[in-house]
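Q: Below, each chain spelled out in residue letters.
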Amino acid sequence: MLSGIKTWLRALLRRSQVERELDEELRYHLERQTEQNVRLGMSPEEARHAAFRSFGGVEQAKERSRDARGVRGLEDLWQDLRYGARMLLKQPAFTLIAVLTLALGIGATTALFSVVNGVLLRPLPYRDEARIVTLWQSNLHSGVAREETSPATFLDWRERLQSYEAIAAIEPFGHSLIGNGEPERFRSWVVTENFFEILGAAPLQGRTFLPEEFGTGRGNVVVLGYGLWQQRFGGDPHLVGRQLTLNGQPHTVIGVMPPEFQYPPGRELWAPRGPRANDRQIRGGTYIKVIGRLKPGRTLAGAQTELQTVAAQLSAEYPQTNAQVGAVIVPMREVIVGQVRRGLLVLFGAVGFVLLIACANIASLLLARASQRSRELAIRAALGAGRARLLRQLLIESALLAGLGGMSGVLLAYWLIEALVALSPGNLPRLEQIRLDPLAGAFAAGLTLLTALLCGLIPAIQMTRPNVQAALKDEGRTATGGRTPQRLRQLLVVAEMALALALLVGAGLLMRSFVTLMRVNPGFTTERALTLEVQLGRNRTPEQMAAFVAQAQERLSLLPGVQAVGLTTALPFHDNQIVIPTTFSIADRAAAPGQESTAYQIGVTPDYLAALGVPLLRGRALTSFDQADAVPVVLINQTLARRHWPLEDPLGKKIAFDSFGRAMNCEIVGVVGDVRPRGLDQEPQPEIYLPYAQAPFGSATWLVRTAGDPLSLLPAVKEKIREVNPTQTFASIATLEQLLDHSTSRRRFNLFLLGSFAALALLLAGIGLYGLISYTTAQRTQEIGIRIALGAQGGDVLQLVIGQGMKLALAGVALGLVTSLGLTRLMASLLFGISATDTLTFAGVSLLLLSVALLACWIPARRATKVDPMIALRYE
Amino acid sequence: MGKQKKTDLLQGMLDLLVLRVLRHGPLNGWDIMQRIQLVSGEVLRVIPGSLYPALHRLEAQGLVAAEWGASENNRRAKFYQLTAAGRKQLNAEWETWKRFSSAVELILRDA
Chain A
1 MLSGIKTWLR ALLRRSQVER ELDEELRYHL ERQTEQNVRL GMSPEEARHA AFRSFGGVEQ
61 AKERSRDARG VRGLEDLWQD LRYGARMLLK QPAFTLIAVL TLALGIGATT ALFSVVNGVL
121 LRPLPYRDEA RIVTLWQSNL HSGVAREETS PATFLDWRER LQSYEAIAAI EPFGHSLIGN
181 GEPERFRSWV VTENFFEILG AAPLQGRTFL PEEFGTGRGN VVVLGYGLWQ QRFGGDPHLV
241 GRQLTLNGQP HTVIGVMPPE FQYPPGRELW APRGPRANDR QIRGGTYIKV IGRLKPGRTL
301 AGAQTELQTV AAQLSAEYPQ TNAQVGAVIV PMREVIVGQV RRGLLVLFGA VGFVLLIACA
361 NIASLLLARA SQRSRELAIR AALGAGRARL LRQLLIESAL LAGLGGMSGV LLAYWLIEAL
421 VALSPGNLPR LEQIRLDPLA GAFAAGLTLL TALLCGLIPA IQMTRPNVQA ALKDEGRTAT
481 GGRTPQRLRQ LLVVAEMALA LALLVGAGLL MRSFVTLMRV NPGFTTERAL TLEVQLGRNR
541 TPEQMAAFVA QAQERLSLLP GVQAVGLTTA LPFHDNQIVI PTTFSIADRA AAPGQESTAY
601 QIGVTPDYLA ALGVPLLRGR ALTSFDQADA VPVVLINQTL ARRHWPLEDP LGKKIAFDSF
661 GRAMNCEIVG VVGDVRPRGL DQEPQPEIYL PYAQAPFGSA TWLVRTAGDP LSLLPAVKEK
721 IREVNPTQTF ASIATLEQLL DHSTSRRRFN LFLLGSFAAL ALLLAGIGLY GLISYTTAQR
781 TQEIGIRIAL GAQGGDVLQL VIGQGMKLAL AGVALGLVTS LGLTRLMASL LFGISATDTL
841 TFAGVSLLLL SVALLACWIP ARRATKVDPM IALRYE
Chain B
1 MGKQKKTDLL QGMLDLLVLR VLRHGPLNGW DIMQRIQLVS GEVLRVIPGS LYPALHRLEA
61 QGLVAAEWGA SENNRRAKFY QLTAAGRKQL NAEWETWKRF SSAVELILRD A
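In the order they appear, the protein sequences are chains A and B. For the first sequence, counting from 1, position 255 maps to 255 in the numbering used here; every step adds exactly one. For the second sequence, counting from 1, position 26 maps to 26 in the numbering used here; every step adds exactly one.
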């Protein structure tokens with residue numbers, strides 16, 4: 001057995017030596033035979049000849065010995081490979097273009113696969129993630145499908161729901177760090193017991209919270225996220241166990257989480273949240289996220305029903321706050337990636353189209369080459385090469401191209417992934433999971449194989465059809481150049497055009513959506529405005545907070561370069577707005593049960609709305625005289641005014657609601673314009689603006705309108721605020737423009753990618769058409785020469801050539817339109833302001849494609865008009 | 001009739017004869033051919049054009065192992081030797097041949 005393998009290996013690796021040995025062995029035999037013949041009386045000459053003849057065929061024996069070695073298959077393959085490589089090297093331009101095209105196609109598809117794999121497919125780093133769910137309130141009155149809940153509701157849920165092993169609450173919080181370099185404010189989460197256990201994620205270092213750390217006074221411990229640990233503390237291995245001064249108190253760092261742990265996303269500091277005295281009273285403020293782990297055996301549907309039942313109970317028990325409030329369960333994975341799933345899948349499909357177009361181009365080129373080699377192939381067939389062998393020869397060439405393209409594609413994918421990660425919107429979930437890994441490598445290998453087959457089979461099968469006779473008789477290139485390969489290439493070009501059109505339609509729709517979105521008026525002015533988020537409530541009474549705000553406001557407004565200053569608890573487009581849905585009743589108007597009015601209350605300083613650029617529509621703005629002890633007044637926005645006083649003037653009317661636990665009865669003194677709260681694609685909501693002094697929430701944002709570049713004023717602004725509070729820290733510092741940009745970053749990303757794919761597809765399809773028309777026109781040189789000799793004008797020739805090409809383009813556009821009509825509904829959720837079958841877009845991109853096709857036909861057509869009939873007629 | 005028939009039979013049996021001839025020690029191709037022709041009393045003629053491919057096939061199958069050595073008058077020749085697997089194969093094929101030939105004998109004698 002072993003010796004057999006040794007022989008086989010030797011035959012494979014030491015071919016020339018084995019051949020020499022074979023030769024020597026047979027020569028030895030012939031010599032012995034010759035000697036014997038001489039001994040039998042022949043002359044040396046005769047003896048040699050006789051020996052040779054009696055051998056029984058020396059060359060055939062060698063051939064059969066070679067076959068017997070068992071490496072024939074491999075040797076043949078190697079021979080074919082070398083032959084294929086030589087063929088490719090003979091036409092470097094073709095080979096280079098083909099490899100580059102394939103590299104681009106395979107690389108881009110692999111890169112996007114890595115993104116889809118990392119974001120959508122890889123399992124979450126939590127134990128048994130299918131059982132982890134998030135719980136939300138749904139507000140039927142305001143139409144919000146999913147919103148955070150309140151502390152009191154959470155406690156009720158925890159007591160009444162039976163379907164869960166545990167549920168935990170998460171509240172947004174902030175921790176200010178001093179004494180460790182520049183004072184900095186970190187946004188954080190405070191969580192109730194079982195938070196880490198529900199997720200089942202183990203810390204990278206240290207530990208998570210113990211049950212006793214949730215008791216009052218014992219909660220001075222924090223867990224850090226990986227990113228924060230690296231960026232702020234340099235990945236210090238001894239950080240766990242050390243103390244940091246957070247919010248004025250020493251806190252011990254007890255653990256660091258691994259990089260994949262990102263729940264809830266956006267903050268990297270977790271602290272325990274013990275019970276607070278007023279938890280049971282707060283039912284209106286919605287800022288608590290809830291997660292839970294289903295008990296084994298409980299279904300999602302069952303838990304949903306149970307939750308809705310409890311929500312109905314609470315609705316009945318607390319009609320003021322919880323009427324019209326339902327609840328919904330959303331699986332964890334859906335919450336994390338649900339938003340981006342559709343967009344990513346559309347992009348993945350799009351890049352697949354690009355790859356298909358690239359393959360079609362290569363297949364078309366291979367078809368052209370194969371038809372040029374039809375004579376060579378016919379001869380080889382006549383000499384005995386089986387169809388399988390010829391097929392293999394052609395397939396090997398396309399396999400070589402695909403292999404080279406695949407390898408370069410993987411390299412390209414690596415670079416593309418880096419670029420994609422760098423360009424992607426910061427809020428792309430699971431960004432850290434995107435990388436080139438063995439699975440992506442396997443995917444690329446599979447793509448390469450598929451590509452080789454796609455590109456190679458069509459020409460290979462076409463060209464090895466057994467019409468040897470016809471090919472041998474075919475002297476040179478005739479006027480037709482082979483009917484069937486042409487039709488196949490035409491089909492390929494039509495398919496390419498259709499795919500390219502589909503991509504162009506998609507990109508066009510996204511672009512129009514984006515343009516429409518950008519035209520939406522946010523309701524305020526976005527230029528030259530600086531925003532800084534601050535924490536005001538630590539260790540301060542409401543009076544102190546109001547005083548601090550007033551002092552800081554005064555100092556800031558005196559700063560040169562500052563046009564206006566204001567403070568608000570809910571800055572539009574800010575991701576840390578304080579959202580207080582408030583039910584209110586209108587004086588002298590009995591509210592029908594179930595018809596309570598809801599609005600969002602926002603605390604502002606007097607100049608804020610003017611600083612923001614929100615127009616005052618009626619009445620007056622708030623002034624510094626509207627203090628905590630004066631007659632309570634409010635401003636309302638236009639949405640609120642229209643909804644409840646469509647025909648009357650709301651000025652002077654009174655509304656009653658709860659703020660900060662106090663009952664307020666306020667007079668409406670002004671109506672201001674609407675703003676879009678979180679995104680340009682969101683409708684304005686009813687809002688009530690109170691003087692900050694009457695609604696001193698702990699976290700608020702300064703807005704500073706500047707004359708020049710806002711960021712250049714940042715150090716001065718910080719300094720002025722620190723004059724009033726030396727240890728002031730700032731979270732989130734950004735300009736309004738940056739906030740707005742951030743809100744559209746995902747759309748821009750999708751548009752950029754889909755647009756690039758569409759442009760690439762257009763280019764490839766155009767090249768494909770150009771290639772085909774060039775080729776067929778060159779084939780018809782004789783015919784064109786005859787036509788010109790018979791009196792055809794330049795225009796006639798142009799018409800002939802361009803007509804041929806445009807027929808294909810029109811067929812492609814028609815096919816593409818039909819396909820697009822079916823496909824675009826898949827991306828309807830990505831659009832804004834236009835329908836998925838928007839006629840203008842469809843028409844526009846069709847025209848674009850036809851223009852490019854026209855150009856692609858025109859160039860060879862022009863060449864054709866320059867044909868000299870005399871030369872053409874002589875040309876064979 | 002004569003020689004033609006003998007050749008056909010011989011080619012089918014060649015592997016078995018080669019293995020048997022090698023049982024007593026390594027031989028090169030020429031020697032194998034001589035031995036078979038000698039021992040059979042010149043009745044069986046081996047065609048070299050079939051012998052060498054057969055030897056190489058047996059080598060590839062691991063039934064014989066080959067080594068270059070010096071023949072008489074010190075010329076280089078390739079010597080073949082039976083391997084353990086070859087020995088087993090020889091016994092198996094010999095058994096098969098015995099059964100086959102006795103069956104044929106029975107029919108020719110008594111049918």
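It is worth saying that the hints were derived from the structure and are not from the lab. Hints are supplied without guarantee of correctness; some may be wrong.
Claimed, not checked - In the DSS-like style, the derived pairs of lysine-lysine whose C-alpha atoms are separated by at most 30 Å in a straight line are:
no., chain 1, residue 1, chain 2, residue 2
1, A, Lys62, B, Lys88
2, A, Lys718, A, Lys807
3, B, Lys88, A, Lys90
4, B, Lys88, B, Lys98
5, A, Lys6, A, Lys62
Q: Going back to the hint list, which numbers does this structure go against?
A: Failing hints, ascending: 2, 3.
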